[in-house]
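Peer 1: Each chain is listed here by its residues.
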Amino acid sequence: MKFQIPIGPQHPALKEPISLRMTVEGEIIRDADLRLGYNHRGLEKLAEQKTWIQNIYLTERICGICSHSHTTCYVQGVEKLMELEPPRRGLYIRTLVAELERVHSHLLWLGVAGHEAGFDSFFMYTWRDREIVMDILETISGNRVHYGINTIGGVRRDLDEQQVKHILDSLAILRQRSEYYQHLGTNEPSFVARLAGVGYLSREDAIALCAVGPTLRASGVPMDVRKDDPYAVYAEVPFEVCTADTCDVLGRTVVRIKELFQCYNIIEYLLKNLPSGPVAVRAPRRAKPNEVVSRYEAPRGENIHYIKSNGTDKPERLKVRAPTLGNYAATLKMLKNGFIADVPLIFAAIDPCICCAERAVSLVDARSGQEKIISMNALKQLSRQVAAGNARKREAEWPL
Amino acid sequence: MATVKTLIYLIVYPGLLFLFLYSTFVEWYDRKLYARLQNRMGPTHTGRFGLLQPIADFFKLMAKEDIVPDRADRKMFSTLPAVGLAIVFTAMLLLPVWNYSLDQPSVTSFNGDLIVLLYLLSLPTFIFFLAGWSSTNLFSTIGGARVLTMLFGYEVPLFLAVLSPAVLANSWRLAEIAAFYRQRPALTLVNLLGFVIALICVQAKLERTPFDIPHAETEIVGGTFTEYSGKKLALFRLMMDAEMVVAAGLLATVFLGGFPGGALLGLVNFIVKTLVVIFFLSLIRATTSRIRVDQVVSFAWKYLAPLAILQLLIVILVKGLIS
Chain A
808 MKFQIPIGPQ HPALKEPISL RMTVEGEIIR DADLRLGYNH RGLEKLAEQK
858 TWIQNIYLTE RICGICSHSH TTCYVQGVEK LMELEPPRRG LYIRTLVAEL
908 ERVHSHLLWL GVAGHEAGFD SFFMYTWRDR EIVMDILETI SGNRVHYGIN
958 TIGGVRRDLD EQQVKHILDS LAILRQRSEY YQHLGTNEPS FVARLAGVGY
1008 LSREDAIALC AVGPTLRASG VPMDVRKDDP YAVYAEVPFE VCTADTCDVL
1058 GRTVVRIKEL FQCYNIIEYL LKNLPSGPVA VRAPRRAKPN EVVSRYEAPR
1108 GENIHYIKSN GTDKPERLKV RAPTLGNYAA TLKMLKNGFI ADVPLIFAAI
1158 DPCICCAERA VSLVDARSGQ EKIISMNALK QLSRQVAAGN ARKREAEWPL
Chain B
106 MATVKTLIYL IVYPGLLFLF LYSTFVEWYD RKLYARLQNR MGPTHTGRFG
156 LLQPIADFFK LMAKEDIVPD RADRKMFSTL PAVGLAIVFT AMLLLPVWNY
206 SLDQPSVTSF NGDLIVLLYL LSLPTFIFFL AGWSSTNLFS TIGGARVLTM
256 LFGYEVPLFL AVLSPAVLAN SWRLAEIAAF YRQRPALTLV NLLGFVIALI
306 CVQAKLERTP FDIPHAETEI VGGTFTEYSG KKLALFRLMM DAEMVVAAGL
356 LATVFLGGFP GGALLGLVNF IVKTLVVIFF LSLIRATTSR IRVDQVVSFA
406 WKYLAPLAIL QLLIVILVKG LIS
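Protein sequence lines, in the order shown, are assigned to chains A and B. Just so you know, we're using my numbering here: the first sequence kicks off at 808 and counts up by one. Just so you know, we're using my numbering here: the second sequence kicks off at 106 and counts up by one.
Check before you lean on any hint, since a few could be wrong.
[Claimed, not checked] Quick list of the computed label-pair ranges, beta carbon to beta carbon:
hint, chain 1, residue 1, chain 2, residue 2, range
1, B, Leu-243, A, Pro-1045, 37 to 47 Å
2, A, Pro-1091, B, Leu-243, 54 to 64 Å
3, A, Lys-972, B, Leu-415, 54 to 64 Å
4, B, Gly-335, A, Pro-996, 35 to 45 Å
5, A, Arg-842, B, Leu-388, 41 to 51 Å
6, A, Thr-946, B, Asn-144, 22 to 32 Å
7, B, Val-423, A, Glu-823, 54 to 64 Å
8, A, Asp-1052, B, Leu-253, 34 to 44 Å
9, B, Asn-144, A, Val-1171, 44 to 54 Å
10, B, Leu-122, A, Glu-823, 45 to 55 Å
11, B, Asn-144, A, Arg-1093, 22 to 32 Å
12, B, Phe-164, A, Arg-982, 39 to 49 Å
13, A, Arg-982, B, Leu-388, 20 to 30 Å
[Claimed, not checked] Only part of the chain A face toward chain B is listed, based on derived beta-carbon distances under 8 Å:
hint, residue
14, Ile-812
15, Pro-816
16, Pro-819
17, Glu-834
18, Glu-923
19, Ala-924
20, Ala-1000
Read the hints as simulated data drawn from the structure, not as lab findings. Beta carbons: idealized from backbone N, C-alpha and C, even for Gly.
Turn these sequences into a full structure, and let the hints steer you where they fit.
Peer 2: Structure below.
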């Protein structure tokens, strides 16, 4: 018996609205369909009305987890447009925050994976230790989530000796805890039984479907923007690109845990080799007419910003491609022929940030295929019309 | 006098009132333990150490809006929680808590009560299935199907594991089995393997991690209980807590020597022994992740059932040696 199960737009496994429609036969998924567009951000249009500096804080709010990724991606693009050369100390601090952000994102993901697999103890432990890295970020920037540390031409805050010592001390604890999670995540039988062999994505499929980030690397493709197209100071920092060849959720877990250790090494290197000097240079208010594409390896994968300037103090166009969007096609492939029980795990394994990936909604007529733009009021009107036409089963009575 | 005692037995101890209070306490104990194992605080606010939290939750749920889906079988949907609760509370009466003495057998202690108790504990599983099925919600239906699939896995090993101590004690009566092991405590060790198997199966019967598959939140929302709300959900939750008490009581009777000592000492015995069993159940819950339903069935038939048969073999051999 085939029937369709709607996972989302509201579902406990999803923290943000998206609609996954599974056609299932018993417990096995025969077909999966993905529907986007439950969030309209209007962010790109807003960016065109704000100055280069104001847009840093706007792009920061694209995502709560990889807030630094989006600002760095944007700021690097603008620096190219303005032909600025940020000082090395500034770049070191920028990279430091980026790596700390990766640590907190990966610890968060480990917890989410534990929760989706029903392993709540793992979730509680990883999130407790995530507080350590959140505290480090707070000592550096004053903020836990939106660090606001980037500016055009460098960073806004300097580090002192005491902070460096604090970070190194906390790092030792984090390293120790991560070793425990590595052991737990790859050895606890019931957890591994849920991860191994689930959500298979072959190397060829991963490349063909343009998967990014840990999803791609877990399929054995060593692709990382930090290595392939180094930005900031990654060219001079020694680190390895972590891969796994199991092509499943277990592989994605292993890649992320391995990356945690790489992050700790990078952070230690950055702190020990911190050059002296200023942290930022002065940026002009306008940028010459030009266009630029900026790439950045966010914790979730490759993040792309396209920026076009027209000689004023505002961008003419800002286009953001968040890593989650790149992984959707691969997710559908992974879901097919899996179990219903594995849906949350497979979907969580791409570390989805649905709101980051959503941009604008365009209405398409299902019959004619015609696209149109509609105002908010007209949309409300339309929904009222549709609702009025629906026959109600029972007159609901408002209790008050 | 006998009538008064029977009434007290039914209504106060170990019947309705005691089971209600004790199952809320057990829920608190389980929640607190689970939370401490996860480095959390658990309930702290209502009552001392949050002891009254489960009771507060129960009454809060009782006061909530109660919705029956349009398409659901209204009668079935509404009576199931009450029937389920009645079954579990009846099962409690069969435990030799107060009527442990063999000289004065009461109505609820008879030859074969072990079998009756096991069947009474199987019935809640069917109640869950019917609850899921009669809700007509997609998620409930899947949950209901999972309840039954799991039943095929754990039921046989559970029966085998619980019956082997009875085979050694040469009785189908709970009070006699408990008395047998009290007289020869060393023989309890023979059933150690059976105890572990029974613990795992009871965990599956109570649908707790790693077997919380029928109501796996991240997969199928509320599972069997998706459509239940208000009073009905409150009764179901109470039923699950009471089922935990009865199942723990059964294991304590069969494997740990029962609850001797009359009203007061027997009560202490009952509480200590059931809490020990529930401690293990909470430990399993905190240290594992949820497995898939097909993994439950293969695990049960590949490992639990053969081991349960091995236990039966050991018991028969030991029985031959001591007689």
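Peer 1: Would you check whether Glu-834 of chain A satisfies its interface hint, that is, whether its CB is within less than 8 Å of any CB in chain B?
Peer 2: 7 Å, holds
Peer 1: Once the shortest beta carbon distance from Pro-819 of chain A to chain B is found, is it less than 8 Å?
Peer 2: 5 Å, holds
Peer 1: A range of 22 to 32 Å was offered for this pair. Does it hold for the Cβ distance of Thr-946 of chain A and Asn-144 of chain B?
Peer 2: Once the Cβ atoms are compared, 23 Å apart, the range 22 to 32 Å for Asn-144 of chain B and Thr-946 of chain A holds.
Peer 1: Given a hint of 54 to 64 Å, does the C-beta separation of Lys-972 of chain A and Leu-415 of chain B actually sit inside it?
Peer 2: Cβ of Lys-972 of chain A to Cβ of Leu-415 of chain B: about 59 Å, so the range 54 to 64 Å holds.
Peer 1: Hold the hint about Pro-816 of chain A up to the distance rule: shortest CB distance to chain B must be less than 8 Å.
Peer 2: Nearest chain B Cβ about 13 Å off; hint violated.
Peer 1: Between Asn-144 of chain B and Arg-1093 of chain A, does the beta-carbon spacing fit 22 to 32 Å?
Peer 2: 53 Å, violated
Peer 1: Do Leu-122 of chain B and Glu-823 of chain A keep their Cβ atoms within the hinted range of 45 to 55 Å?
Peer 2: 47 Å, holds
Peer 1: Can the suggested window of 39 to 49 Å be confirmed for the beta-carbon pair Phe-164 of chain B and Arg-982 of chain A?
Peer 2: Holds: the Cβ-Cβ distance is about 48 Å, inside 39 to 49 Å.
Peer 1: Holds or violated: 37 to 47 Å for the Cβ distance of Leu-243 of chain B and Pro-1045 of chain A?
Peer 2: 52 Å, violated
Peer 1: Is the interface hint satisfied for Ala-924 of chain A? The criterion is a beta-carbon contact with chain B at less than 8 Å.
Peer 2: Status holds, d = 4 Å.
Peer 1: Range first: 54 to 64 Å. Now tell me if the beta carbons of Pro-1091 of chain A and Leu-243 of chain B are that far apart.
Peer 2: At 59 Å between Cβs, range holds.
Peer 1: Lying within 44 to 54 Å: is that true of the beta-carbon distance Asn-144 of chain B to Val-1171 of chain A?
Peer 2: Holds, at about 49 Å.
Hints 1, 11 and 15 from the earlier list are contradicted by this structure; the remaining hints agree with it.
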